[in-house]
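Chain Y: place on chain S using the hints.
Protein chains: 2
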Amino acid sequence: MNKDNLTEGMLESIEEELPSVIGMIDQTGARGSSLREFRAMLAYHLGWEGDGAGPEARGKRIRPLLLLLTCAAAGGDWQRALPAAAGVELVHNFSLIHDDIQDNSPYRRGRETVWKLWGIPQAINAGDAMLALAHLGIMRLEHSTSLEVAFRAARILQLACLELTKGQHLDLAYEARRHLTLEEYWTMVTGKTAALLAACTELGALVAGVPEDCRAHSREFGLNLGLAFQAQDDLLGIWGDAALTGKSAESDLLAGKKSLPIVFALNQGGAFARRWAQGPVHADEVPALARQLEAEGARAYVQERAAVMTERALSALQKTNPQGQAGELLAALADRLLNRSG
Amino acid sequence: MNKDNLTEGMLESIEEELPSVIGMIDQTGARGSSLREFRAMLAYHLGWEGDGAGPEARGKRIRPLLLLLTCAAAGGDWQRALPAAAGVELVHNFSLIHDDIQDNSPYRRGRETVWKLWGIPQAINAGDAMLALAHLGIMRLEHSTSLEVAFRAARILQLACLELTKGQHLDLAYEARRHLTLEEYWTMVTGKTAALLAACTELGALVAGVPEDCRAHSREFGLNLGLAFQAQDDLLGIWGDAALTGKSAESDLLAGKKSLPIVFALNQGGAFARRWAQGPVHADEVPALARQLEAEGARAYVQERAAVMTERALSALQKTNPQGQAGELLAALADRLLNRSG
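Residue numbers (the working numbering), protein chains in the order written: chain S, 1 to 342; chain Y, 1001 to 1342.
So that you can see chain S by itself, here it is in the shape it has in the complex (with noise of 0.2 Å):
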């Protein structure tokens, strides 16, 4: 199989186990045409279903990916590491679900949240579900590989979902907030970002069969590969493209987001912080707000704290001997993640 052809072939698979975990709603308990509906927004938020339906719809799929280029390049047969996959993709969902609601946000990737088409009650128990799912769907490792993986797998995940509990606690309080150190933001982003990259990592190793002290390399691999994705993404959010033309949904400083640029130049204490505390930014500033972040060292700081993540990030990936074409892709895929333009 060549490159392209692994990654689609990944993909494929990730598209065909997803429903099936889905279709669990239907095998226990209560079943038919009364849960239609239930099911229906499951499949839409995934993007299987209703209007705008279709692979835009889908999202990236990256943490499936990664898991199955972590498990492949350790030398594991990563079909059998179809269900981790499946339940890192839909712990990722019910936090978007959440998400939206906790952000009050209408719309994701062009369409309307489950939240707004469905009202809020039901979109908080559709998260729910979808969570319900994500672990019954990893604790099927338990025919593809052993019960004492899944056991190990289902835990590795749960782990992870605590810690986006942590990381969204501290998120929604920080909101609030006038001052945030920059301590404080990398144990939100921790939490929020990186929690789930690590277990994505550290699952593909685990089912790879790699022992319990070179797995530490692995999830330390994605872990910093989620810290610096996050700190890319941060920049991207005040000097990318879309951002500097000062569309509201791009901009981070039209947004109010303390993102890591503004929680540092806060706690610079300059100009920037002095007119952030004047409350909020109009699209005409953007451009000059940008630059005055820039000229007090937000975006070398920030570009600095992204090298060193990568750095680490590629050291640890190192440090698991990747193999084979996996080992390439998966090489690639961080680098696509890290060195996106705007």
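Honestly, the hints are just simulated from the structure, not real lab data. In this text the structure is predicted, and so the values were computed from the model without any measurement. It is possible that part of the hints are untrue.
[Claimed, not checked] Keeping only pairs whose Cα atoms sit at most 20 Å apart, straight-line, the calculated DMTMM-like set for lysine to aspartate or glutamate is:
#1 Y/Lys1116 <-> S/Glu184
#2 S/Lys116 <-> Y/Glu1175
#3 Y/Lys1116 <-> S/Glu175
#4 S/Lys60 <-> S/Glu328
#5 S/Lys116 <-> Y/Asp1103
#6 Y/Lys1060 <-> Y/Glu1142
#7 Y/Lys1116 <-> Y/Glu1183
Just chain Y now, with coordinates in the frame of chain S:
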């Protein structure tokens, strides 16, 4: 140990196990003072901290007690089942936190609800954290029993969570509907109330080492106990002393809740159904409407169903051949749940 001491001992052990599970928040990833408020939300909801904390605020811990008694009555060491007992209690409390948001309820057990105190976004997230801790809690069976039992138990609890969300979906969907069949009502209640009680008794038997085919009797006991309990609860919601005095918090007629007697009468299509279709019930109508429901056979129907399911529950319990003091206490607990006065 005499009977009272056995129940007391179990309840004390449950109250020790729960904080130890909640403490897992600080064991991995982010920790420290930034998460003090997060832990405080969970401790508040569980009745340990904040205004009105104390035994009254904690609930009766029926589910973990049912689990431990089932384990002991099946000849098992109930102390080994404590991680499972904590798991079911935390799943129950996760569902309460989200229910209170979904039902827009500002009070529970005389105290403000989590969303009322911390807002909806943080309350959704606190429920999500409670759920992750529930599952991490039950996985600690790995240490008190075996990896296999821990895996099976985690899956049973996860399946119960899926059933909970299915029941909750139907409950929310039914609010907006005029008509509801009795079958639809029972499907909803099976998910929303009975599935977790069935998991409690199944888990107790699992930890005791009961073979799989015999565990079905334990599960059947919990399932029918849950259904009978709900029918009984719905009776009290119309004909209980508190409901008949017409206090809105106690009467399902005033709350407009589609409980079993009401669903029965709506399907009869008589005078009650015609009145119900005309809009909200006023407090001074409550006694007459309760009499009308009774005249149309709703009370007799619900009493008959409660009796049938109580019979099924007790028959299934007998098949498990319950032993010793725990066996007697289990029958007494079922009796207490099913023969409550208003």
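Structure-based check of all given hints:
| no. | hint | in the structure |
| --- | --- | --- |
| 1 | Y/Lys1116 <-> S/Glu184 | violated (26 Å) |
| 2 | S/Lys116 <-> Y/Glu1175 | holds (18 Å) |
| 3 | Y/Lys1116 <-> S/Glu175 | holds (18 Å) |
| 4 | S/Lys60 <-> S/Glu328 | holds (19 Å) |
| 5 | S/Lys116 <-> Y/Asp1103 | holds (18 Å) |
| 6 | Y/Lys1060 <-> Y/Glu1142 | violated (27 Å) |
| 7 | Y/Lys1116 <-> Y/Glu1183 | violated (35 Å) |
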